[in-house]
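Okay, here's what each chain looks like letter by letter:
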Amino acid sequence: MFEYIAVQLVHLTGLTGRLASSLEFWIYDTLKITVILLGVVFSVSYLRTYLPPEKIRDFLKGKKALVGYVLAAGLGVISPFCSCSTVPLFLGFVGAGVPFGMTITFLTVSPMVNTAAVFVLFGTFGWGLTLAYLLGGLTVGIIGGSGLKVLGFERYVVDFDFSANGDEPGDSTKSARKRLREAYVDAKEIVGRIFPYVVIGVGMGAAIHGFLPEDFIQNTLQGAFAVPAATALGIPIYTNIMGVIPVAESLISKGLPVGTSIAFMMSVAALSVPQFVLLKQVMKRNLLIAYGSIIGVGIMVLGFVFNLVF
Amino acid sequence: MKVEILGSSGCSTCESLKHDVERIVEEMGKEDEIDVVKVEDPARFASYGVMSTPALVADGEVEFKGTVPSSQEIREVLS
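Taken in sequence, the protein lines are chains A and B. Residue numbering for the first sequence follows my numbering, starting at 1 and increasing by one per position. Residue numbering for the second sequence follows my numbering, starting at 311 and increasing by one per position.
Possibly wrong hints are sitting among the right ones.
Below, computed lysine-lysine pairings styled on DSSO-like, alpha-carbon distance capped at 30 angstroms [unchecked claim]:
id, chain 1, residue 1, chain 2, residue 2
1, A, 55, A, 280
2, A, 174, B, 348
3, A, 284, B, 348
4, A, 178, B, 348
5, B, 348, A, 280
Calculated directly from the structure, the hints in this document are not laboratory data.
Modelling step: build the complete structure from the supplied sequences, incorporating the hints.
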């Protein structure tokens, strides 16, 4: 349906050739991503009113290692917290007795694997890559969290006091109307924040789609250094993963290997300078470096593995 | 009364909650009685037991967290 709208609109402009094909890509992808984004963000925001962070914390307290890590990673997928909530969540979890490793797992998976991104990836690339993205992100989070725990990095958490008055999980008997209103406020904020990135990201994707020569990637972005380079390139780029998917879509269609693309997408989402500046408030330098390295290495390993598999 | 709005600097819903509260204080004509401040230090969030922002603390009591309350709800807390 979106394709029909895009084709008709481009037809009206009378454009042909590369420009037409870029414009079509831009309209189609913007429509598709925006519709998925609205639907998924609103649904998840609504469900989230049933799952405040206090409940997640209580789920994770006192869980046995393996179950706890898998649960922490799973909860990270369905909890789309704004990066500005990362620090209070970290303090709240650690302060209230959630094991340190599981907290790190949750905080790693939460920005890296995002529910709306799962749907957009599925709509764009199908099952294989979507599952790879999902399972890959969970794996990096679980290995990262348990790895830092085993290596004893817990002692590098900045000292602070956490009040016990956060123990009550808030108002659990909200009316449906109140939940809908909260979901609406939340979804409006999230979509408003992400939308500019989507438009820019799709614009870049469209430019690549229409104008990047077919052999450019074959000649430049191949070989052993492609995955580390893609990961490093993702660090200074601070955007939402929804803005990166259309760029990756174009690059893959031009021959960029899937693993390299996924490494880039995950690095943009999980390794970003502003995120680390925020985390510096609660993590001492050693922990921060270890956290960044373990995610970076995890992403690169995933990139290499997916390049071999796909 | 001292009203604290808890929210990190990059959080837009936290800013809008602060504006809502200031507007309502003005409408109620209580600028002299109610002092509205923004708190951006996460250690202070933790000391209130707050994990999700924005949150509204009135005289040391956490009234809302993780949500932007409606004008009606804000009024009830302030009056």
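Unmet hints by their number, sorted upward, for this structure: Result: no hint breaks.
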